[in-house]
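**Q** The chain contents come next:
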Amino acid sequence: MTRPVLAIAGNPNCGKTTLFNALTGANAKVGNYPGITVERREASMQFGDGDGREAQLLDIPGTYSLSARTAEEQVAITAIAGLHPYEEPDAVIVVVDATQLARNLYLVLQVLELRLKVVVALNMSDVLTKHGLKLDAAELSRRLGVPVVPISASRGQGIAALKRALAQVLDAPDDQVSSAVAPLPNGEVAAAIERVAPEVPSGWSRGDEQRRRSLACWALLSLDQGDELWHVPEALRAAVLQSRAASDFDFDQAVVSARYAWIDAAMPALLAEPPGVLRRSTDAVDKLLIHPVAGFTLFVLVMAFVFQALFSWSGPAIDAVGGFFDALGAATADVLPPGLITDFLTDGVIAGVGAVLVFLPQILLLFLFISIMEDSGYMARVAFLMDRIMKAIGLTGRAFVPMLSGFACAIPAIMATRTMERRRDRMLTMMVVPIMTCSARLPVYTLIIAALYPGPDEPGGSFLPGLSLQAAIMVGMYLFSTVLALAAAAVLGRTLLRGRAAPLLLELPPYRMPMPRSVGRMVWERARLFVTEAGTVILVCTIVLWALLTFPQDAELSRDFDAEQTAVQARAEADPSLDQDWLAEQRHQLGLARDSELLRASWGGQLGQAIEPVIAPLGFDWKIGIGLIGAFAAREVFVSTMGVVYGMGDEADEQSLPLREHIQAEVWPDGRRVYTPLVGLSLMVFFALAAQCMSTLAVVKRETQSWRWPLFLFSYMTALAWIASFAVYQGGVALGLG
Amino acid sequence: MTTSLADLPDGARARLISVGGERAWRRRLLELGFVPGTELRVVRRVPVGNVLEVELRFSRMTLRIDEAAALQVQSPDADAATSAARSAGAGSPSAEPDA
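Quick note, the sequences are listed as chains A and B, same order. Going by this note's numbering, the first residue of the first sequence is number 1, and it counts up by one from there. Going by this note's numbering, the first residue of the second sequence is number 739, and it counts up by one from there.
Bound-form chain A, shown alone:
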């Protein structure tokens, strides 16, 4: 016997995900619905009476209705009804929030109209009971014609009864489906459905005339000139458009009203007393949390806390991951003989895995906060509070948390765009988040600012009383990136990602205590997706970059380093006043000089020299060009790459004095200084805007399921960076600041 396929559907916030988790245990397979960025979760579950029968359970994205305008919304109808290219589920579990019964029943009616085997899981009926209200599940079952099982997903109650009901429904004959559908109005609607129904493909209707009419009705309500739906037969579309054009009758309102008439007629028999009082505790909390002053203050504090955690408190964990992989690389280098393979393992593979895992602390932390905010209901309030401000730049309130997280790191921030419903909003946010000043830019800014601008105790080092010039420049870079990100959102939102201004329709769910299990599960799934999907791209890029900066190995060097090594050795042996430390230092210096020459001769080095004509107008020489190429791995790699270029070794960091001094001393062939304060500014502006982060591009690729968006992101940011740096440098030179 083949394993039956079950689908689980329900309104947003009805407890569907909690029930999914309770039914399946750990190890859901998380992927995407083909071609779009709607998450598809699937897992195996047991059902029946503890007799070990297994089914595959598919999680349908939370939805209020099956009608659709976008491909994302269409997932619900196609997956539930098993339209092309999906397999039809053998039965559907519809989760109903008993405290919002009327609205949840709307979806149940739509699913029943499709003539599927259905079990209704009546969630949160215990909440009603607690308030002294009784919902008559037997009466609901009688009216719907399908089993209704009261459950509490969060407490795991009623799960066994639900599994038994599923077995009963699956064992029943295939044609035993409920016909208790809401009667559709006569007249215009019925006539239109009769006109459209013949065009419903038989693959959709499966020979059931009632289902054919239901799908015709779905088409009548979903299709129009502007819809973005997939796999809709042209004849069906034409029939719907013709029917809609032929009359100005309001089909949408008539059909929806008929369903609600059925629901409203049933309600008094289901609930003796309507649950108007259930919101009392939530209301009290909301009075505070969305208060114009108190709520906003609290919101700022919460966001400051999240930001501080991402920005500072993740530091030790990031350092620990980095330190571990540095140590692992060093240990490997000690054990293995020096050579290309050892280099590949340490600088390619181990460094690459480290480059992936170093993002985990921030990803884990951000998703910990996001899932707590989502589960508790606070995220909906954040969207609520920020809506006016974010709308001004063409985004929704939900974009705020990803944008803010971008100040710490674009990787988790881009992953966080999933909390937004509309594809256009997600894309727009993803395209501007990488402009925010992430923490990887700080080492670069620190190095440049400390090397090129006077410190607070030096002449000219004060910008304003109490604010040093160096600090002012750092603050300026933050402001610059914020203004540019918002401007980019405003421009892209009116051009490439022009969308209809999305009207807001938001549910404020009641506050709930987040459940550690579901929070943990979400954090774990995010981390796993990042490591397995984006991580592989990052690893490959690290190895490619390593190869670029390592090969060719047989480059012609200006000096014979091997001979010099031998000479130093001989000299140390001949002169007893020279001790081991002297010898080690000499060999170290020779090694650094050799690495530096090899880097210049490498493909990456040649590339740096090849791009010099392009970056010279920005004030950069080819050595900076090599640094820019290295920075593609991650921006902070610029510092260590410059260390190698200048023969200081890759241990150099932004605090190291020799590197700063070297930068100050660097000259062009004609003797002019390479790094003037103006070049420093141009370089920082370039770093602020260029998409020099392969991990960001890898994550955008993973989230958009295409290479188009990361390519666009890279192109537009790099072009913007070049233009801005050009303007800064050439403008500065024209003003005589060069």
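Calculated from the structure, these hints are not laboratory results. Take these hints with a grain of salt, some might be off.
What the hints assert, rightly or not - Only part of the chain B face toward chain A is listed, based on derived beta-carbon distances under 8 Å:
| hint | residue |
| --- | --- |
| 1 | M739 |
| 2 | I755 |
| 3 | A762 |
| 4 | R765 |
| 5 | E769 |
| 6 | L770 |
| 7 | G787 |
| 8 | R798 |
| 9 | L801 |
Glycine included, each C-beta is placed from N, C-alpha and C at the ideal position.
With chain A held as given, fit chain B onto it using these hints.
**A** Showing chain B alone in chain A's frame:
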């Protein structure tokens, strides 16, 4: 007398007369229970977010204040007001089900 939802004071109850606006949004509104005839109550407005919270059929939805202008409402008569006070926003739609 009809007025727009956006103009209702906090706490006011009213009966929905008509729903306007762009099709997809309007359809979603209808499907969330905003069908003509439904009684609703303005729970509060949040000026900082420019939004308005509405209660209907025991659930709450939030709309932008300027977009709520597309919804026309009518103050319920005295009888309806009493029954609405009792049932906290239960709806009774205008469309007649097919007998």
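**Q** Can you name, in rising order, the numbers of the hints this structure does not satisfy?
**A** Per hint list: 1 and 2 violated.
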